[in-house]
Structure formats: C-alpha cells, structure tokens
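Listed in order, the protein sequences are those of chains A and B. When we follow my numbering, the leftmost residue of the first sequence carries the number 1, and every step to the right adds one. When we follow my numbering, the leftmost residue of the second sequence carries the number 1, and every step to the right adds one.
The hints are simulated quantities; they were obtained by calculation from the structure and are not laboratory data. Some hints could be false.
[Said to hold, decoys possible] Derived lysine-lysine pairs resembling BS3-like cross-links, with alpha carbons at most 25 Å apart:
no., chain 1, residue 1, chain 2, residue 2
1, B, Lys122, A, Lys54
2, B, Lys92, A, Lys122
3, A, Lys122, A, Lys62
4, A, Lys9, A, Lys92
5, B, Lys62, B, Lys92
6, A, Lys62, A, Lys9
7, B, Lys9, B, Lys54
8, A, Lys62, A, Lys92
9, A, Lys54, B, Lys54
Note that the structure is predicted; figures quoted are calculated from it, not measured.
2 protein chains.
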Amino acid sequence: VDRVDRSEKTTSIEGVSIMPLNVFADERGAVLHMMRNNHPWFVRFGEVYFSEVKPGVIKAWKRHREMTQHFAVPWGEIRLGVFDDRPESSTKGALETLILGRPDNYCLVRIPPRLWYGFQGKASHPSLLANFTDLPHDPEESENLDWHDPSIPFAW
Amino acid sequence: VDRVDRSEKTTSIEGVSIMPLNVFADERGAVLHMMRNNHPWFVRFGEVYFSEVKPGVIKAWKRHREMTQHFAVPWGEIRLGVFDDRPESSTKGALETLILGRPDNYCLVRIPPRLWYGFQGKASHPSLLANFTDLPHDPEESENLDWHDPSIPFAW
Numbered sequence: 001v002d003r004v005d006r007s008e009k010t011t012s013i014e015g016v017s018i019m020p021l022n023v024f025a026d027e028r029g030a031v032l033h034m035m036r037n038n039h040p041w042f043v044r045f046g047e048v049y050f051s052e053v054k055p056g057v058i059k060a061w062k063r064h065r066e067m068t069q070h071f072a073v074p075w076g077e078i079r080l081g082v083f084d085d086r087p088e089s090s091t092k093g094a095l096e097t098l099i100l101g102r103p104d105n106y107c108l109v110r111i112p113p114r115l116w117y118g119f120q121g122k123a124s125h126p127s128l129l130a131n132f133t134d135l136p137h138d139p140e141e142s143e144n145l146d147w148h149d150p151s152i153p154f155a156w
Numbered sequence: 001v002d003r004v005d006r007s008e009k010t011t012s013i014e015g016v017s018i019m020p021l022n023v024f025a026d027e028r029g030a031v032l033h034m035m036r037n038n039h040p041w042f043v044r045f046g047e048v049y050f051s052e053v054k055p056g057v058i059k060a061w062k063r064h065r066e067m068t069q070h071f072a073v074p075w076g077e078i079r080l081g082v083f084d085d086r087p088e089s090s091t092k093g094a095l096e097t098l099i100l101g102r103p104d105n106y107c108l109v110r111i112p113p114r115l116w117y118g119f120q121g122k123a124s125h126p127s128l129l130a131n132f133t134d135l136p137h138d139p140e141e142s143e144n145l146d147w148h149d150p151s152i153p154f155a156w
C-alpha cells in the first residue's frame, strides 16, 4: 500500500491546486483513488465522465462560468494547460502547465470556474482524463476557443 | 454524437441492472459519460475510484453489506461475474456474467448490496473499471472470498 501525503499544493494560478492521490499497488492491477464524500475539496456531486485523448492530440480551450473541475488521469499521461485572464485575479496573465498521469503524477487537480484549460495526450497510446464536477454538463455555461487562438499565449 | 437509449435492462439477478451510456465519438478521442446528479440511479455520492485489471487476471470475490456499486469500463474490457446467495431473493442461486467495455459494451451496471461480484481482464492490455458508489470505502462493511472458493459455482 502506497499511501501518499494528502497535502494540497498551490500552482502559479490562484485557485488551481494539486493533491496527490493514493495508489494501492497490486500485481493484478492497481486500485486508484479519485474522489470521496469526505475529501476536503468535495462540495457537491455534479457529474463524472471521461475524455479520451489520443497521442499528441490537443483538446483546447474550454472555460466554464460556474463549474469547478477535478481532473485525474488514471490511464496514460496528459499535459494540462491553464490560462488565467480573470480581470480581478492576483495571477491574471499566468499560464500553468501540469503533467498528469501514471506512474509518476497520479493526482487530483482542481480548476475553479472562469479559467481557460486544455490538454494534450502525451502517452504513446490513448490517455484517459477523468473529470469530477460540481455541476452537470450544460452547454450554456461553457465557452470554447481554438487551441491555437492567439488570445492565449500557450506553446503546445 | 452517438446518443443511446437510456432504458434500463434487467438481468438474471434481482436488482442488478444495466443501462447504456452515451459515447460522443471524436477523432481526437471520445467523451464517455458515466454518472450525473440527474441520473435515475443517483441517490448520493460516496466515492469514485478505479480498479486496473491486467489481462486474464481475476479480482474476486467481494460483497458489501450496505454499499451499491455502479460500474463502467472506459478502457479495455472486463468480464463481470455476480452471484446471488441472498436468502430472501427471488433469484437466489443465480449467476450472471456481463461483458463491459469498449467499443461494444460501454454501459453502467448497478450492483445492490449483499451480492458477490468479481471481474476478469479480457483485453490484451490492462482494463480500467470505474466504480461510483453511494458510500465511501469502509473495510468493516465488505467481505472477501477467494476467486476459486467452492461456495460460488462460477467458471472463470
């Protein structure tokens, strides 16, 4: 049993945090925690779904007005990009890059509303991003930009 | 967009049900639904976690006294076995075998408390079982038997 420190780590963007997740190694296949109702970040359940990301592919950019995302990558590896253009933010203009996945970066990332985010498959096979949200999907509540939109200075 | 009929299908075991899940095909990688707060099976959130199952491996048997499981297999394929030895059940003695996974069997399976269940990896690579429960994990609340225990007449 590979229990990890549950301490929260901050990032270069206000409100974006990382917390390691427990992985219970087993020769038959590991058990991987994601979220539970006594987790310090749990507020309410909205939806849990998966986004498959093929090797090299970029899925970006997306922004939610109200929904908080909680990402984990239980299969493969992805690069997550986050951009802060919130007018009142202490980190306005900041870009953050995080590598999520196994075996070295199995953790939960919280992305509050009103931040742009996107991700890219980094494994040689498809990767799986799991998302636990506090609201169910509502197309009226989110916006998209092309992955190469010039308003987000991120070098994929 | 590949929208599917949300109708619930029964099985040979009382209380074990299957419901197809939406898969949104995308050349960059599919989006796969699992559970949301307006799903007819949603009662409350306990925990969501993953169990990796290596090819051919059997993880069995387990039984919960109080917890309801909701399984989906977003990566790979597994064979799920369920055994009913509930004394009062109308299907006491029944065995059920279900194949879960992609691309042909991406669905949600609900397993109520007090049934024995186990699963086996059927893909040529590790498979990933996702479990959405109505209670967080509590070792006091579950029991285990060896996969080959003679009290469960299941031919793995």
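A quick look at each hint next to the structure:
Among the hinted pairs, Lys122 of chain B with Lys54 of chain A is consistent with the structure: their alpha-carbon atoms are about 22 Å apart, no more than 25 Å. Distance restraint check for Lys92 of chain B and Lys122 of chain A: the Cα-Cα separation of roughly 48 Å exceeds the 25 Å cut-off, and the hinted pair is therefore not satisfied. Between the alpha carbons of Lys122 of chain A and Lys62 of chain A the distance comes to roughly 19 Å, so the proposed pair stays at or under 25 Å and holds. Distance restraint check for Lys9 of chain A and Lys92 of chain A: the Cα-Cα separation of roughly 19 Å lies within the 25 Å cut-off, and the hinted pair is therefore satisfied.
As the CA atoms of Lys62 of chain B and Lys92 of chain B are separated by approximately 17 Å, the hinted pair is consistent with the 25 Å bound. Pair hint Lys62 of chain A plus Lys9 of chain A holds up; C-alpha atoms about 23 Å apart against a cutoff of 25 Å. Between Lys9 of chain B and Lys54 of chain B the alpha-carbon distance is near 28 Å, which puts this suggested pair outside the 25 Å criterion. For the suggested pair Lys62 of chain A and Lys92 of chain A, the alpha carbons sit about 17 Å apart, so the restraint of at most 25 Å is met.
At roughly 21 Å between alpha-carbon atoms, Lys54 of chain A and Lys54 of chain B fall within 25 Å of each other, so this suggested pair holds.
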